[in-house]
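> Now for the letters of each chain:
Number of protein chains: 2
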Amino acid sequence: MQVTMCPERAIMEHITSKWGVLVLQVLSDGGSWRFSALRRELEDVVSEKMLTQTLRTLERDGFVHREVHPVIPPHVEYALTPLGKGAASHLVALAHWIEANQPEVSQAQRRYDNS
Amino acid sequence: MQVTMCPERAIMEHITSKWGVLVLQVLSDGGSWRFSALRRELEDVVSEKMLTQTLRTLERDGFVHREVHPVIPPHVEYALTPLGKGAASHLVALAHWIEANQPEVSQAQRRYDNS
DNA sequence: TGGGGTACTTACTCGGAGGTGAGCGTGCAG
DNA sequence: CTGCACGCTCACCTCCGAGTAAGTACCCCA
Numbered sequence: 001m002q003v004t005m006c007p008e009r010a011i012m013e014h015i016t017s018k019w020g021v022l023v024l025q026v027l028s029d030g031g032s033w034r035f036s037a038l039r040r041e042l043e044d045v046v047s048e049k050m051l052t053q054t055l056r057t058l059e060r061d062g063f064v065h066r067e068v069h070p071v072i073p074p075h076v077e078y079a080l081t082p083l084g085k086g087a088a089s090h091l092v093a094l095a096h097w098i099e100a101n102q103p104e105v106s107q108a109q110r111r112y113d114n115s
Numbered sequence: 001m002q003v004t005m006c007p008e009r010a011i012m013e014h015i016t017s018k019w020g021v022l023v024l025q026v027l028s029d030g031g032s033w034r035f036s037a038l039r040r041e042l043e044d045v046v047s048e049k050m051l052t053q054t055l056r057t058l059e060r061d062g063f064v065h066r067e068v069h070p071v072i073p074p075h076v077e078y079a080l081t082p083l084g085k086g087a088a089s090h091l092v093a094l095a096h097w098i099e100a101n102q103p104e105v106s107q108a109q110r111r112y113d114n115s
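Protein sequence lines, in the order shown, are assigned to chains V and W. Mind the numbering: the first sequence is residues 1 to 115 in full-length UniProt numbering, read in order. Mind the numbering: the second sequence is residues 1 to 115 in full-length UniProt numbering, read in order.
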């Protein structure tokens, strides 16, 4: 493995970033989402600032397509590109694995804590 | 998706943490590693402090097995548990995907930057 | 008349992630 | 006899990820 800051590691950090993980999972259903609908779906745990920033990074990497309808009030839609779907699928697989194994992990944590 | 801090999200953050991603990938080859060998493999980009902290978190989650040989000088070995192998395999898959698609991503970034 | 929704941007602030350097207690190589 | 390797831990400090609040420009509904 090549480690010193290479493009691959940067891309990995974008995908596995705190908010990137969540955004990619929501978008992975294939639909297209408006900014505030996306935020509501994430139960407002992410601030507007960080959501914008995260979406910009993912857009720059070619994972997210941003479509602006120049109307007032503003209307913007976000969706995964084919490239984004590839990345997101791995994240979704990991998320499913975690969901399935969460009890086992929690048990391991309890074991570790009382010892 | 359930979002407000649930055990699943915490586990996801451990696995996708900055150093967790790298450690799990190195350990994923199945072998067992000594502390400083692991650090050298990561080309010293991670400090001793953060490596210890990351390994502790992964151990608590039941992903990493830590075996201490009580000799002087100290001898400690780290290896993935079966549970850890499950998690790491998804990370490795993602890493391979990134490696394969890195040129396309870099191209997207260049396109984004000159516009 | 004014309050809320839309999709942001900017400025200010703060906590915590993370780096640095030292210390430890011994065995072994030089 | 010196000094390094090992696998940490602790104290200190820095910097950046992230939150909060306010502003924007316009429309619609009450």
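To be clear, the hints were calculated from the coordinates, so they are not data collected in a lab. Incorrect hints may appear among the rest.
All copies of an identical chain are treated as equivalent in the list; a pair is satisfied when it fits inside any one copy or across any two copies.
For lysine-lysine, the following DSS-like pairs were computed, each having C-alpha atoms within a straight-line distance of at most 27 angstroms [what the hints assert, rightly or not]:
(1) Lys85 - Lys18
(2) Lys49 - Lys85
(3) Lys49 - Lys18
Since we're looking at a predicted model, the values are computed, not measured.
> Take the hints in turn and mark each one as holding or not.
Now the hints, each set against the structure:
1. Lys85 - Lys18: Close inside one copy (18 angstroms) and across copies (22 angstroms); limit 27 angstroms.
2. Lys49 - Lys85: within (24 angstroms within a copy, 36 angstroms between copies)
3. Lys49 - Lys18: The answer is both: 14 angstroms in one copy and 22 angstroms across copies each meet 27 angstroms.
Checked against the numbered hints given earlier, this structure breaks none of them.
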